[in-house]
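Participant: Below are the chains, spelled out letter by letter.
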Amino acid sequence: MAKQDDELEDFGRFTEPALLILISLADGAKHGYAMTDDIEQVAGVRFGPGTLYGAITRLEGRGLIQRMESEDRRNPYRLTALGERALRARLASLQAVARVGQRRLASA
Amino acid sequence: MTILLWLYPAAWRRRYGAEVEQMLAGRAVSLRVAVDLIAGAIDTWLHPSQTLAAAHAAAVTTPEERTMLSRILRFDCAGVYGISKEDQKMAAISTIGWTLVITLAWLGLSLRFPKDPRVESLSMMPFIFSIIYSLRYTWLKDRPRSVQAIFIGGLSLAMAVFFLGVGWIAALI
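Chains as they are written, first to last, in the working numbering: chain A, 470 to 577; chain B, 5 to 177.
Hints are computed from structural coordinates only; laboratory data are not their basis. Computed from a predicted model, the values in this text were never measured in an experiment. Take every hint as true, because none was put in to throw you off.
Derived contacts from chain A toward chain B, CB cut-off under 7 Å, selection only:
1) G501
2) Y502
3) G517
4) P518
5) G519
6) T520
7) Y522
8) G523
9) G530
10) R542
11) R543
The C-beta atom is built at its ideal place from N, Cα and C for all residues, glycine as well.
Chain A on its own, in the form it takes in the complex (with noise of 0.2 Å):
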């Protein structure tokens, strides 16, 4: 991987969470159980509480998201612009190695 992909890099297990987290929040803020809804139909898996919440305090201690205030007990979390770069770099990285494996497939 890239050096830029550091920020997600000793996520450890809770790394694909992580990043579908991030891919979720791209478009907008939201709270946990709207993340949880949008990554099953993005992705077709739906974590679990423990899961989300262990991605998403590893990401928030990194300043890649950021929690919002907000009157109920439900606080939305948006993108911080180090997530969005961090985001962008893991994609690009992601779309590297897809377009290597297609590349190869084609020619096998």
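Position chain B against the provided structure of chain A, taking the given hints into account.
Facilitator: Chain B alone, transformed into the frame defined by chain A:
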């Protein structure tokens, strides 16, 4: 189901507890969610510098300070929960010391009862107990002695019973 949130550290609960409770309110009770919450709680205790960085940073005022603090916590450069170098040293000495002492005791037992599966099943206990005991110098250091005794004793006993149970089953097979 929300009772499982008590397994999480207090700082985490203050930051995320209400949100997760809200999420759980709209869900049916399921084993999958319970296991997921328990695994999440274990992870939060095991990786406090990663999982509690936001909770600590929330107490700080400016975004610059928050980013700086989260990065410091991320690389464990700060004493999270006030754990000093001296505490870390004591935890390391205690872990090594107790591991040696209990391993010797276990070796004595295994010489006295050779090839007994119940004795063999306890082979991991010296290290496990030592790790649990060392928590009194780190995560449990500000807790009352009674809480330390209950946590260390209870968890060690539970682990010993578990391993003995495995050994007992192995002896029956």
